[in-house]
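Q: Listed in order, the protein sequences are those of chains A and B. Position one of the first sequence corresponds to residue 7 (the working numbering), numbered consecutively onward. Position one of the second sequence corresponds to residue 2 (the working numbering), numbered consecutively onward.
Rather than coming from a laboratory, the hints here were simulated on the basis of the structure. Where hints are given, some of them may not hold.
[What the hints assert, rightly or not] Taking beta-carbon pairs under 7 Å as the criterion, some of the chain B residues facing chain A (in silico):
(1) I19
(2) L45
(3) A52
(4) D60
(5) A62
(6) I64
(7) A66
(8) S70
(9) V81
(10) L136
(11) L140
These figures come from a predicted structure and were not determined experimentally. By construction, the Cβ of each residue, glycine as well, lies at the ideal position given by its N, Cα and C atoms.
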Amino acid sequence: MTPHGRVDSNSARDLEEVLLPLFDDGGSVLVDLDKMSYISSAGLRVLLLAARRSKATGVSLALCCMSKPVEEVFAISGFAKLFRIHPDRPEALAALQA
Amino acid sequence: MTGTAALDLTIRNDLAEIGRLAEEVEAFCEAKGLGGGIAHALNLSLDELLANTISYGYDDAAIHAIEVSLSATPGGVTMVIRDDARAFDPTLAPDPDIDAEARRSPDRRPRHPYRPGDDGRDRLSTGRRQKPADLGEALGRVLAHRNGDRRGHYTGDDRGGHGHDPARPGGQQLRA
Numbered sequence: 007m008t009p010h011g012r013v014d015s016n017s018a019r020d021l022e023e024v025l026l027p028l029f030d031d032g033g034s035v036l037v038d039l040d041k042m043s044y045i046s047s048a049g050l051r052v053l054l055l056a057a058r059r060s061k062a063t064g065v066s067l068a069l070c071c072m073s074k075p076v077e078e079v080f081a082i083s084g085f086a087k088l089f090r091i092h093p094d095r096p097e098a099l100a101a102l103q104a
Numbered sequence: 002m003t004g005t006a007a008l009d010l011t012i013r014n015d016l017a018e019i020g021r022l023a024e025e026v027e028a029f030c031e032a033k034g035l036g037g038g039i040a041h042a043l044n045l046s047l048d049e050l051l052a053n054t055i056s057y058g059y060d061d062a063a064i065h066a067i068e069v070s071l072s073a074t075p076g077g078v079t080m081v082i083r084d085d086a087r088a089f090d091p092t093l094a095p096d097p098d099i100d101a102e103a104r105r106s107p108d109r110r111p112r113h114p115y116r117p118g119d120d121g122r123d124r125l126s127t128g129r130r131q132k133p134a135d136l137g138e139a140l141g142r143v144l145a146h147r148n149g150d151r152r153g154h155y156t157g158d159d160r161g162g163h164g165h166d167p168a169r170p171g172g173q174q175l176r177a
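Work out the full structure: start from the sequences and follow the hints.
A: Laid out in structure tokens, this is it:
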């Protein structure tokens, strides 16, 4: 999936409603953050819930293509260590299929 | 410098207002020639502080006004948030037990491993050791430091708001 724009305290709920059900379908989940310009702690919470869902269901989760501001928030919060993060989509897909 | 020196906005206690405010802040920073990093730091800080106020600060379901002002100063930007929500002083709140929270309630907002740096920068200007109230507050604080002039600081002066005691306006200030 490719979330667009700002994921703030208001719009994080929309991301949660779309992202979390993806783990019920099997396969693997790649969140392409190329079009996400902004993320707050509310958005990080949703991704953390996704990581937990991934662990519980065995559906792999990877993130890719972070913009600079989003990358900075991941680094400061320590969340960068909690996810498989890839610089581009081909590498992420290859890792998920490996 | 072009444009007005300050941005003054009043928003409702509705999370949907945060996106509208972000657009105004970006336009303000652009007019001031401030970099995208500063707009990002201000917006993240506003988002986190306002989300806490709006989500947890009110005991009723009524509409409340929250005043936000940004002013460009020679040293950076000063941001003031003024509301009539319940007062909360993060310096008096107990340190969260990060591990216990994770064990007990997986769906709660994540608490943050961030701790003050040894160089003393990441502290409240009151002189107390910083106790981040949550991940969001810590994020805003660190970003403000990174984009500021290293004198940037956060002042939590949340004494209940102007609605309760006009002589002692409550508010939160952050310099980036």
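Q: Indicate, hint by hint, whether the structure satisfies it.
A: Now for the hints, and whether the structure bears them out:
The beta carbon of B:I19 comes within 5 Å of a beta carbon in chain A, closer than 7 Å, and the hint placing it at the interface holds. The beta carbon of B:L45 is positioned within 7 Å of a beta carbon in chain A (closest approach about 6 Å), and the interface hint is therefore held. A cut of 7 Å between beta carbons decides the hint on B:A52: the least distance to chain A is about 3 Å, and the hint holds. This hint is violated: B:D60 has a C-beta 20 Å from the nearest C-beta of chain A, more than the 7 Å allowed.
For B:A62, the suggested interface contact is broken, since its CB lies about 17 Å from the closest CB of chain A, more than 7 Å. Using the Cβ-Cβ criterion of 7 Å, the hint placing B:I64 at the interface with chain A is not satisfied: the shortest such distance is roughly 16 Å. At about 18 Å, the closest approach between the beta carbon of B:A66 and any beta carbon in chain A exceeds 7 Å, and the interface hint on this residue is violated. Violation of the interface hint for B:S70 is found here, the shortest Cβ-Cβ separation to chain A being roughly 20 Å, above the 7 Å cut-off.
Look at B:V81: its Cβ only gets to about 20 Å from chain A, farther than 7 Å, so that hint breaks. At its closest, the beta carbon of B:L136 sits 4 Å from a beta carbon of chain A; the interface hint therefore holds under the 7 Å criterion. Given the 7 Å rule on beta carbons, the hint for B:L140 holds: about 6 Å separates it from the nearest Cβ of chain A.
Of the hints listed earlier, those the structure fails to meet are numbers 4, 5, 6, 7, 8, 9, in rising order.
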